[in-house]
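Engineer: Now for the letters of each chain:
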Amino acid sequence: MTSAVLLVLYALLASTIAPRALIGARWVVETPRLGVVAWQGLVLSVLAAVVAAMLSLSLGFLRLCHEVAAFVHLCVTGLAQEYQAPGGGLVTVMGLNLLGMIVARLVWSAVVVGRAEVKQRGQTTSMLDIVARRDVVPDVLVLEHEAAYAFCLPGRDARVVVTRGLLESLSPDQITAVLAHERAHIRQRHHLVLLSASVLSRAFSPVAPWLCMAEEQTARLLEMCADDAACRSVGRETLRLALTRLVPGRATPVLLGASACAVGERLERLRTRRRFRPAMLVGAAAVVVASAPVFMVTRDLAFGGLCLPM
Amino acid sequence: MRRLGELEAVVMDQLWSSTERLTVRHVLEHLERQPPLAYTTVLTVMDNLHRKGFLRRERDGRAFRYWPTKARADFTADLMDEILSGSGDRSTTLMRFLDRMTPEEAASMRRALGD
Chain A
0 MTSAVLLVLY
10 ALLASTIAPR
20 ALIGARWVVE
30 TPRLGVVAWQ
40 GLVLSVLAAV
50 VAAMLSLSLG
60 FLRLCHEVAA
70 FVHLCVTGLA
80 QEYQAPGGGL
90 VTVMGLNLLG
100 MIVARLVWSA
110 VVVGRAEVKQ
120 RGQTTSMLDI
130 VARRDVVPDV
140 LVLEHEAAYA
150 FCLPGRDARV
160 VVTRGLLESL
170 SPDQITAVLA
180 HERAHIRQRH
190 HLVLLSASVL
200 SRAFSPVAPW
210 LCMAEEQTAR
220 LLEMCADDAA
230 CRSVGRETLR
240 LALTRLVPGR
250 ATPVLLGASA
260 CAVGERLERL
270 RTRRRFRPAM
280 LVGAAAVVVA
290 SAPVFMVTRD
300 LAFGGLCLPM
Chain B
0 MRRLGELEAV
10 VMDQLWSSTE
20 RLTVRHVLEH
30 LERQPPLAYT
40 TVLTVMDNLH
50 RKGFLRRERD
60 GRAFRYWPTK
70 ARADFTADLM
80 DEILSGSGDR
90 STTLMRFLDR
100 MTPEEAASMR
110 RALGD
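Just so you know, the protein sequences line up as chains A and B, in that order.
Numbering that gives the first Met the number 0 numbers the first residue of the first sequence as 0 and each following residue consecutively.
Numbering that gives the first Met the number 0 numbers the first residue of the second sequence as 0 and each following residue consecutively.
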């Protein structure tokens, strides 16, 4: 019971304090990779804390046994002990119900998001493969469109797409910069991080609205990660100039939280970025603090130490 | 599957650059492939393209004559519209990696650069 209370307390504190701290933090922008880890770590640790709290409420104590049969027997006797006391039984049922709801919600969200992703990708890919030209730039699809756009389709059959407009308004160096940025997204598998953030946000944002913020911030930071990767091969100024040449477009709700809004910010960051040495330390410390409860929970599950039976 | 998609692209290239309505035989003869493709392969590809809405066709004796439903530019415009507006109720990850700016950002940037 005590551990359940502590875990729920952690979940509440973390979800109210940490997001604000991360948004204001300078180290997050200076080392965007660590920033992404921090945001995702925060989300996952809060989820883990809630799940562990439900588990510890419903089963009193858990021990990881090597034999599944012994484990099941232990659960059954544990449950039987719980049900002996009327109060215990109610808490057990509540805990199990909530746990079931959490798991079901997560699975539903994963299925919905996954299906939409696969469908969208399939449609866009088959259109692109026919409509775009492959013989203009090696390994890049070119759309005959006068506005300057660049994007990538990440995943197994990854594709980088640019428009004719982009090829005509940017210098060769700048085109290289944009391509390097898109390829970094593909190479570093950013779409997987975004998918995970999207599934969690879709599942639980009705009860935890800050998850939407976590998703947006992660997308924004991933753009900066790709910028950093591109800068390594082409230089900051080239990338910055390339970004300034991109077309002004209609802001839509869909893209508002992602790269569309981030471009101005990315430009500023590329212009003024200084090496903030303590950033790494601060970031590492934050990540350790955020993940401490996860270790605590894992230790509980493994040794049944902290958990006290009802 | 990837190779079939490539073949579809090559066939559409030919049809888009032609002003006439073409038969399968004509397309096959103008495809420079070593080893040459089978008639049935090209027939299947063009039939698929018709099914997917890229081509229209009319009977000409025993065979069909095919032509594109829309110019390449129109397909491109439709595709760009779809990508930019983010079809579906939630954005998917592929939409996220689109690089562009809002008019407000562009304006403020031009001001900052003293354009």
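If you're looking for bench data, these hints aren't it; they were derived computationally from the structure.
From a predicted model like this one, the values you see are computed outputs, not experimental measurements.
Don't take each hint at face value.
[What the hints assert, rightly or not] Cross-link-like lysine-lysine pairs, in silico, DSSO-like; alpha carbons within 27 Å at most:
1) B:Lys-69 x A:Lys-118
2) B:Lys-51 x B:Lys-69
3) A:Lys-118 x B:Lys-51
Engineer: So, against the hints stated earlier in the document, which numbers end up violated here?
Structural biologist: Going through the list in order, the structure violates no hint and respects every one.
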